[in-house]
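Line by line, the protein sequences give chains A and B.
Heads up, the first sequence is in UniProt numbering, so the first residue is 1 and it goes up one at a time.
Heads up, the second sequence is in UniProt numbering, so the first residue is 1 and it goes up one at a time.
Please note that the accuracy of each hint is not assured.
No copy labels: a pair is met if it fits in one copy or bridges any two.
What the hints assert, rightly or not - Quick list of in silico lysine to aspartate or glutamate cross-link-like pairs, DMTMM-like style, CA-CA up to 20 Å:
no., residue 1, residue 2
1, Lys472, Glu448
2, Lys313, Asp376
3, Lys59, Glu48
4, Lys145, Glu101
5, Lys64, Glu48
6, Lys78, Asp99
What the hints contain is simulated information worked out from the structure, not anything from laboratory work.
Given the structure is predicted, the values throughout are model-derived calculations rather than measurements.
There are 2 protein chains.
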Amino acid sequence: MAKETTSHLQENDFSKWYLQSIQKADLFAYGPVRGTMVFKPNGYALWEKIKTEFDKKFKASGVKNCYFPMLIPESFFKKEADHVEGFAPELPWVTRAGDEELEEPVALRPTSETLFGNAMSDWINSYRDLPMELNQWANVFRWEKRTLPFLRTSEFLWQEGHCAYATEEEARKRTMHFLKVYQETVEDLLALPVYAGQKTPSEKFAGGVDTYSIEAMVKDTKSVQAGTSHYLGTNFAEAFDIKYLNTENQHVYAHTSSWGASTRLIGTMIMVHGDEKGVVFPPKMAPIQIALIPVGNVKKNPEVLTRLEAIEKDLQAAGYSTYLDDSNNSAGYKYNEAEVKGVPLRIEFGPRDMENGQCMIKMRDLEDKEAVNLDDLLDKVASEMETMQKRLYDKADQFRHDHEHFDIDTLDQLKAHIKSCEEKGEYPGWVLAGWDGTEETEAKVKEETGFTTRNIPFEPAVEKTVDLVSGKPAKHTVWFARAY
Amino acid sequence: MAKETTSHLQENDFSKWYLQSIQKADLFAYGPVRGTMVFKPNGYALWEKIKTEFDKKFKASGVKNCYFPMLIPESFFKKEADHVEGFAPELPWVTRAGDEELEEPVALRPTSETLFGNAMSDWINSYRDLPMELNQWANVFRWEKRTLPFLRTSEFLWQEGHCAYATEEEARKRTMHFLKVYQETVEDLLALPVYAGQKTPSEKFAGGVDTYSIEAMVKDTKSVQAGTSHYLGTNFAEAFDIKYLNTENQHVYAHTSSWGASTRLIGTMIMVHGDEKGVVFPPKMAPIQIALIPVGNVKKNPEVLTRLEAIEKDLQAAGYSTYLDDSNNSAGYKYNEAEVKGVPLRIEFGPRDMENGQCMIKMRDLEDKEAVNLDDLLDKVASEMETMQKRLYDKADQFRHDHEHFDIDTLDQLKAHIKSCEEKGEYPGWVLAGWDGTEETEAKVKEETGFTTRNIPFEPAVEKTVDLVSGKPAKHTVWFARAY
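With the sequences and hints as input, model every part of the structure.
Given below as structure tokens:
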């Protein structure tokens, strides 16, 4: 089994490994309607952790939560031409209620710029009403052809921030602020290293001016867009008439922005940290942080369980979420259970350990066990958890650097590189390359290699000077990669 | 203005008072689609408080959160005959996605017994999988003809618990447990006195066996069903094949239950505690608990503001949410703002107060102001908040008792009572009366008076022995009232 799943990680059968891993960890089930999924308790607990942390940071930034209706009239979409064009193919429509046909079909929200825009035109009157920074936690819908649990589903959960400002300068500054909040949170909480940068026009938000993203590299070296922040200019303000009276007594358009992060972060995290055995959760994210497992002949030594319960209490009092497996299964079975559930730290405790006043601890991402004196356990657990959180980040960062390519300067070189990887059964990684800023060259790379522009990183490791396709001077240095 | 709104509370123009109050408090806006609403930040903050408290209590009860898809296939509804009959008239249907007609229409969930039932049939195999107690926080849809913000909207927010048990006894016990959680939480947090009891068969959940509710009396003496808990028997287990292997190695049906509470709690709370000036929030619920308002000539005495800011910091450090109104408006305008927003405690502080080392405090629900020495302020605020929370509960409880009628034994007496109230411009209150247990008598009361059975209280103040309509021996003592 272990061998088979190893091969999934190494030999391009990554999606099989992913589905097996999230199934073994009991994170999801398929829903009855195409492309939908159930977030089972173990999976939903991950979202609750992400939500709690983001919510705290948004509120600390001055953002206020609210909740908008899910149903959007058809006429709203039509007010912003690019917006409707971008989203129309994926919109589910309610056309009937009870026995009654609706006069105007209403869509299930794919995102709520139109609804917030419509409301803000009522709510904003003067410069004193600005800035207005709102957020909602909601379910959204995009009828996708190809779906993958957590990564791409017809319905998913997310937060969407919608803001209005007096000036372009302020709107742009805050657009960057919320991108930074995303980056800091996923790096710290999910141990996900990401590259922040700007999307190219062909990949930006439908109806926006500029889109910024954070992009993570997962274990098959594809990229996942893990959060986006959009400067919308006055596009939605013009479509929905969001005007304010400025200090010079003129009615002028507000500048708006929006930003979102979703449950796909869960899939991303699993695809980054998982190993042959399945999911691996960073300590800060793990729904269960410590598994306590009695070993040896417990029936003959019932005190082992009593002592282990006391240890569990101490750990809980210190703030850890724990699970004591006192089932009748073998210790080996229990170890495996804790491993496939991604529990960061396992404590083994048997009669011999009790005699010696110690226990064994095993970190999910390391091979060796270590004996720990019970008196030192709390300190040891704290330091191991902290170290593991950092180690997972560092491993992911190393993996990403190991799969970054800076020396590919032409489309032919890229194609040769991909071919060579395929022959070796390796993943092709990301390529930092020059781009002349035209849609043509971007489209050609995509067509011939499946690589798309991920973003124009704010801080590229090197500056590239020549376009990959046209050979013309590069306007931007861009990450190219395959993506989810 | 104050006089006009007084009349709304007193002279049967309650819904106008309600709409004005929630508008002045800036709690909501109408959505663009019929019967939908926006929860504005002040309104959504109330839901966050309710959610946080319930969530804590559910988790402490062993419940696990999860999230199910919103879309339900038509075929699922048809599996439970009563269920589909009860909900079909209110279901919105998605029939199309993008340009593609769906093969099977899918409904927006009105509640999720069918989805949980379908999943539990997969997830439950043996007695070891039981009990299974799940909950989700979600948006739900019921296409209502008559809507009222917070109370009855096409889309609303709620939590729905769905549980499966090995035995009827356990299922019934836990059904009662979650009703008790509802009762304790709304009494403690929302300061809402409620009567817990059982719904009559005509008012029970479509597809269930027994429904229990908590019912609150609002200021126009209508009843609001503020939370329900249903014992579903094996109805959904049979419809969705939820069977488990018991300890005798037999496959038998599980017993299921469900329970829900929604954003209508917000409307209920406002309708119970509001007064002539608008909304009044219990201290534990108030998004802003303390308004700090500088008075007198602040421009000449800028130190007033500095001191007031220091006072605010102390209050925030003590855990209160505060608002310091340093706008250019008059003190009177600011007082009114704080009042219509329902802020429980107002602090007034001016140059004279500064000299005397004191401030004035004014509780939202009392007439008089009180001078408080600044050294005593924190203690005073704490005790006033606690007292106000209790006072609001007691006032509501007194109001309810003042409008309960125990001496109405026939339909004619009820009609005479209603007529007399109408002539006096009074609300008719609730009537505790005998019921012979037949649908006919219940229907007749409803038809002739608009009074419906609210519930059969667990602890009626008196036992009634004769049916209101038939004159036959009463099987139950029932609350009759008009309801939202």
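Tested hints:
1. Taking the closest pair of Cα atoms, Lys472 and Glu448 come within 20 Å of each other only inside a single copy of the chain (19 Å); across copies the shortest separation is 85 Å, beyond that limit.
2. When the C-alpha separation of Lys313 and Asp376 is checked against a cutoff of 20 Å, the pair qualifies only within one copy, where the shortest distance is 15 Å, while the shortest distance between copies is 40 Å.
3. Proximity of Lys59 and Glu48 under a CA criterion of 20 Å is satisfied in both settings, with 16 Å inside one chain copy and 13 Å between copies.
4. For the homomeric pair Lys145 and Glu101, the shortest alpha-carbon distance between copies (14 Å) is at most 20 Å, but the shortest distance inside one copy (27 Å) is not.
5. Taking CA atoms no more than 20 Å apart as the test, Lys64 paired with Glu48 passes in both settings, with 19 Å inside one copy and 12 Å between copies.
6. Proximity of Lys78 to Asp99 under the C-alpha cut-off of 20 Å is restricted to the inter-copy arrangement: shortest distance 16 Å between copies versus 27 Å within a copy.
Taken one by one, the earlier hints all hold for this structure without exception.
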